[in-house]
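Here the structure of chain A is known, so what remains is to put chain B in place on it, guided by the hints.
Those sequence lines, one after another, are chains A and B.
The first sequence begins at 1 in the numbering used here and counts up by one.
The second sequence begins at 1 in the numbering used here and counts up by one.
Hints listed in this document are in silico derivations from the structure and should not be mistaken for laboratory results.
All clues given are correct.
You can't tell identical chains apart in this list, so a pair holds if it fits in one copy or across any two.
Cut-off 30 Å, straight-line C-alpha distance, at most; resulting in silico cross-link-like pairs (DSBU-like, lysine-lysine): (1) Lys316 x Lys69; (2) Lys155 x Lys144; (3) Lys248 x Lys67; (4) Lys69 x Lys248; (5) Lys69 x Lys95; (6) Lys316 x Lys95; (7) Lys127 x Lys95.
Number of protein chains: 2
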Amino acid sequence: MVASMRTIAPMALILALAAASTATLAQAPDAKPAPSPGEIVAAAPGGDWVDIAPDELLVMTLAPDAKGKPRRVVIQLMAAPLSQGWVGNIRMLAKARWWDGTAVYRVQDNYVSQWGDAEGDDPAKAKTLPEGLRTVPESDYLTKVAPGAFDALPKTVDPYARGNGFVQGWPVAMNEAGTVWPTHCYGMVGVARDLSPNTGTGSELYAVIGHAPRHLDRNIALVGRVIEGMEHLSSLPRGPGALGFYDKIEDRTPIRTVRLASELPNAERPRLQYLATQSESFERYAEARTNRRDPFFIVPAGGADLCNVPVPIRTKP
Amino acid sequence: MVASMRTIAPMALILALAAASTATLAQAPDAKPAPSPGEIVAAAPGGDWVDIAPDELLVMTLAPDAKGKPRRVVIQLMAAPLSQGWVGNIRMLAKARWWDGTAVYRVQDNYVSQWGDAEGDDPAKAKTLPEGLRTVPESDYLTKVAPGAFDALPKTVDPYARGNGFVQGWPVAMNEAGTVWPTHCYGMVGVARDLSPNTGTGSELYAVIGHAPRHLDRNIALVGRVIEGMEHLSSLPRGPGALGFYDKIEDRTPIRTVRLASELPNAERPRLQYLATQSESFERYAEARTNRRDPFFIVPAGGADLCNVPVPIRTKP
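The following block holds chain A by itself, in its conformation from the complex (with noise of 0.2 Å):
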């Protein structure tokens, strides 16, 4: 009996019985398990997948990591109307290439891991930043769209906000009709800033890699997402000390190049799409992420926190 009990993960099975057919389980037909978040995206039509533009992807490749292995890390940035200031500079800074040869100098855990010029804080060794980069005020924090471009996630309740939901595949919160802004949702890439009323460059950008950090919201620009490769954010050795600084140079990894998917050789370029969260498609993941039934559930939750509602990405098919 206790033997029976050996078989390894919870985790597992959620995906293994995804993956399985039903036949396999030996039940009555009309009997079919309830679908997973997994199995919905998955049967998900072509039309509900949104391609993303190669000028919104950001291509960033870090040195080889110990075993030669090389590291690429994909960043969606936000569409109009969010974020569109810090978006333009970070524009500008991938196409004069100003990111080549900086370094990701900071890792904390549960927190953020943070790259850029790890020197900018001393005048005589920082790199000159591009001219014409744009200062954007604090008001921009807030983004006002219309009524119907915001989806409602159903069933839930935020403590950080009247209300939540997606606009245009992001994840924002709301307290009036009408005015947004972005969550600190895991993976999510944000500004680093000094004292307000600065509000950063977007050349010091940090990558969400623990638990939601939503105080941070509307303190501090979000500017896009971690859509491919998060793993070689997220698994770095962390800095020592409370801030996850690294205090030995060459404990930094190492940025090769940034640049607009646009600027690569079409065969270069990454064929992402993000799952439109006005589909019905997206509905029904939001509810089947919010009431698990699949076969390792026995409670279903009635309700999902926004950050636990990762928009879905797919390599183009």
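This is chain B only, laid out in the frame that chain A set:
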């Protein structure tokens, strides 16, 4: 102007300012900045801290890392009355030295690191479990507590429950007064299981290394949390494939020993304390996490997610 924006980090400043004397900020005496959560914790009186008993600490020693650095992970086991069936099994497994020579065999990004017997699925290779492990019923995912034992987190809502808060220093959620369940926050440790009604023995364990997968609450047993050395589980290379199992044995992280601190020589026992969740210091800390007013912040959130109010831990001074 742009040059002045180049200073490093958002998070750097949060704690850098916390550490700095307020005198350096050149403010009027009545404009002293509001204390940060970290400052409130640092100022908590000794009486607000609770010693963690040696038989509630599990010390897991992993093989040293690639640079030869030791890796020790300390797990606090749940206090009565939460999850005591499984916790009893875990103490029995540790006393039998059952985990010595096992491994971390699965690391899935934004989800879990999992350890135990990687060959447990194969009856011909599985490690024999000690006699006397308890079979715990699913009803034990919920725990009855006396009304006064539950400290609600104020100013919050929870998408997964009607209320939430803490019991004896552990984050819990609640639907009916008196019935609580522990929550899958970052660093929490749970018991891998097979399909229901199997609830697992405790031999296969996982730690949450990403955004809280709260949909697992009431579906899998939680038995503790990592309170030291979390980075040794969260920064491991992710396994290939959707579930993060390693496909090569050499990629697993060997576990040298797992011991209750009560079985270690006195000098090797971790001396750790948690901040009492009933204390006034904790109340002020939770309020400061809910409404950040320290100088970096512009907009206080007005609420906080239970998993974004981690219970402070310190080495006993």
